Amino acid sequence: MTWIEPADLAAHAPRILAHLAVLLVLPPLLLGLIAKVKAFFAGRVGPPLLQPYYDLAKLLRKGTVFSRTTTWVFRLGPVAGVVTAVLAGLMVPLGGVAAPISFTGDLLLVAYLLALGRFCTILSALDTGSAFEGMGASREAAYACLAEPALFLGFVALALLLPEGAQLNLGNLLAASPGGWELAAGGMALVAAAWMVVLLVENCRIPFDDPNTHLELTMIHEVMVLDHSGPPLGLILYGASVKLAVIGMLVLGLILPRSGHLAVDLAVGVGGLLGLAVVIGMIESSMARLRLLRVPALLVSAALLAGFGVILLAVR
Amino acid sequence: MDAAVLALAAIACAALSGVPGLRWRKQGPRLAAIGLGLGGALAVAAGISALFAPARLGTAAEGVMAGWRGSLLVDGISSVFLIACGLVAGAVGLYAVGYWRDAEQPAAPWTRLLAGLLVAGILGVFAAGDLLTFLIAWEVMSLCAFGLVATKHREAESRNAAWLYLATTRAATLSLIAACALWLQLTGGPGWSTLSTAVAGSAAGVTMLALFLVAFLIKAGAVPGHIWLPPAHAAAPSHVSAIMSGVLIKTGIYGLCRLGSCLEAPPLWWGGIIFGLGAASTLLGVIWALGSHDLKRLLAFHSIENIGIILLGLGLAMVGRSLGDPLLVVLGLSGALLHVLNHALFKSLLFLGAGAVDHACGTRQIDRLGGLARRMPTTAACFLIAAAAICALPPFNGFVSEYLVYLGLFHGAVGGWTWALAGLVALALTGGLALACFAKAAGIVFLGEPRTPAAARAHECSPSERAAMAMLAGCCLAIGVGLPALVPALQAAANASLPTGTVSLPSLDAGWYVTLAAAVLLAGGLLLWRWQQRAVQGAGATGTWDCGYAEPTARMQYTATSFAAPLAEQVAGVMLVERHRPQLAGGARFPATASFSDHPRDPVLERFLRPAAEAVAWLARGLRVVHGGWVHLYLLYVALTFAALLLWSLA
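One line per chain: the protein sequences are A and B, in this order. Quick note on our numbering: the first sequence kicks off at 4 and runs consecutively. Quick note on our numbering: the second sequence kicks off at 820 and runs consecutively.
Keep in mind that a hint or two might mislead.
Beta-carbon label-pair distances, calculated as ranges [claimed, not checked]:
#1 Leu53(A) <-> Ala1391(B): 45 to 53 Å
#2 Ala1384(B) <-> Leu53(A): 48 to 56 Å
#3 Gly49(A) <-> Ala1384(B): 57 to 65 Å
#4 Val48(A) <-> Arg1276(B): 53 to 61 Å
Okay, the calculated bits of chain A under chain B, using three or more residues with CB under 8 Å as the criterion [stated by the list, open to error]:
#5 161-173
#6 267-281
Stretch by stretch, here's where chain A covers chain B in the computed footprint (C-beta under 8 Å, at least three residues) [stated by the list, open to error]:
#7 1082-1095
#8 1241-1247
#9 1335-1349
Derived from the structure by calculation, the hints contain no laboratory data. The structure presented is a predicted model; accordingly, all values stated were derived computationally and were not measured. Each residue gets a CB set at the ideal place from its N, CA and C atoms; glycine is no exception.
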């Protein structure tokens, strides 16, 4: 980790631009792909793949209505959701494509940036004074908090693989994972499973939350944004898709092979993200949402899985 | 100027700040604010100048007072604490002008006098050059705090809190006096001298270390010595709570740092206990905070949590020294010291905000508040900044210190001290729990609709209060984006805390990246905000949609209790809640009005300490049979004892 010299900038530019393009442009497609897979499993045609982009374009042109109860905090939520997710994404490598920003401890900044986005979204929901949104906010806070140990235990498991003196950053951690599969495949599989659970809960997917549910009483993320409309709702939709891609990139970093060629790595990374969307669609098609009371048990199990992963990698 | 002289001037300014107000009542608040502000500025100056003094000896000003040679020592260890105390004291002095008015508080001049003495005592603890000065300053501080906790002594709650505080602070002082006596015996003098490993490992040495540990951990409010902290912080006037939570509890941390610097090589158990209690305090503090619905009690429990984070860092550093791992030492120590300063800033800001809310609405019960962001915009903004900072969210100061502690924990967990893993999991879990808890506190108090008429009538606080809060909020942001500027200072402070050798903070450019990220975050957020503001121009205004419900009332909103319920259910095992269930009168069909209430209790106090105290009281009651107050019976005892001794000597 050093500053990129101006002379090297040209060499790094394609990588940085490719990473940025994937981070900023691709995410809504993941939502479209998930919807398409779910439609396929349900025997429907489903909306077009690019529907989320159409939705975003439509929302950005729509008018907005604000509740009289709300303050500036309500308007901060959508902005924070996008900015924190994009900034976190700048620090997460996409498979073999290194992240634009990388430094010692960047994993902590990623985790706490996502937490900042969540904090603002929760406050924005509470700002409406609606009981439904309060309910969603409460659940979001509870589940995200139980998911945190699984994420950090996964980091520790990877840190055990780092060579002596290597810097503790996401690039090095994720790059160590191929070695981890050779040493203790079981441990890596446990960590990957735990992080998959984190991915599903952080992005409010089945089995934790059903993004398509029609009953406010059982929603989490969707109920928090009931009062948002127009461009702010567009920002929320976009921010949520970027967050899905960012955590997806973390999970993929554990399993994707690396070639060292930018074009190949980029193709593998994009393919991996699309594949992940298909997997999420398949999970959503084949499972029911958990009862809310059962959710904490699954989250604690995820933390335990990651913990066993740490043990397996430590005693390899 | 000489750092020790600056510190002495700061102590004098703070101690005398309340004196003119006794005579000139009208000008009292302002004079006190000037005194505290000046004292605070001098303390900050003393801290900064001591930081870059080359030797760890620092400078000593000696004088002969009443039979003991008092001395001051201001070095790198004191500096962080002095700076924290100076900033908090200045802000609190300014805040008190508008908050603690003579018209509303008949005893205000005395409160000001005690508050000034309290700050002077705390500064004295941080600058004491020998154990006797330390002990005297410690006592001034403890007793002034007792007087301030008992300010509202007509209320039973305040009285109970004050007694509990007095009892625990006596226990701490007794332990400290015993430890000091052993110190004098072992080292032969009251100065802060280096304790060799052989002496520290002897039976007397171990006893002394254990006694110091008990005293300092009780004062710091680490579990299980925390029992005094929540009631005392809730009962004291809010600006005093800010001093207590911001700096008073840090005297325990300072003691541990200072003592650590005297140990040639700390034993492993010493660091291990500090680390273990740190992990326990972190988790239990935040869990208990989640269950409390009194705003100031909630903040007090978070002080326990943050003391836990500081202890995690300090414990890591001690363990690192025992194991000979310099990276662990420097990361743990710099994280802990920076968190001392950061916690002082954001926690005092939170208490000042809570005071403004309490003053405006007349209640600290979160479930009776709501919608204050519209009525008190500045207070709300400052409180939200502090809430983000305490949750370690970037770009505020809490993140940078927890970042250092986390790096230390990772290094320990991977590098051979596996116990660090437990601390890492505890800290990760705490991060999420703290976020939930502050989303609850800030969200329910400031957002939504007011839940009671009192909250609806709330008004913004006075300009002096707002200025004090804005100043602290500015400090929170400045440290959050300015980590690289602090690195040399932290390194100097960390090196002063080691008896021998120096360590250097690795990867200084990581700090620049944190600054860069914070700048990008702020700039990006601002740009997107402006874009959104333009995009929503001409937006309509209506009621909250609420899924089409036409007549929502404020009482239908989610409350703090309901917000915390999903998490509280998961951790019910370590909470103790007293519930008063309604007795439904008037039959099943037309029940009369009934009420339900629940009160969180301190499980350590109720389950362990109170039964223990009751057992002692029961034994004492048993002994009462033999001393019922009859003099002839006592004479009989004397005669019997005499006879027994006579028989024994004859046999």
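Status of each hint after checking the structure:
no.	hint	in the structure
1	Leu53(A) <-> Ala1391(B): 45 to 53 Å	48 Å, holds
2	Ala1384(B) <-> Leu53(A): 48 to 56 Å	41 Å, violated
3	Gly49(A) <-> Ala1384(B): 57 to 65 Å	38 Å, violated
4	Val48(A) <-> Arg1276(B): 53 to 61 Å	58 Å, holds
5	161-173	holds (count 5)
6	267-281	violated (count 0)
7	1082-1095	violated (count 0)
8	1241-1247	holds (count 3)
9	1335-1349	holds (count 8)
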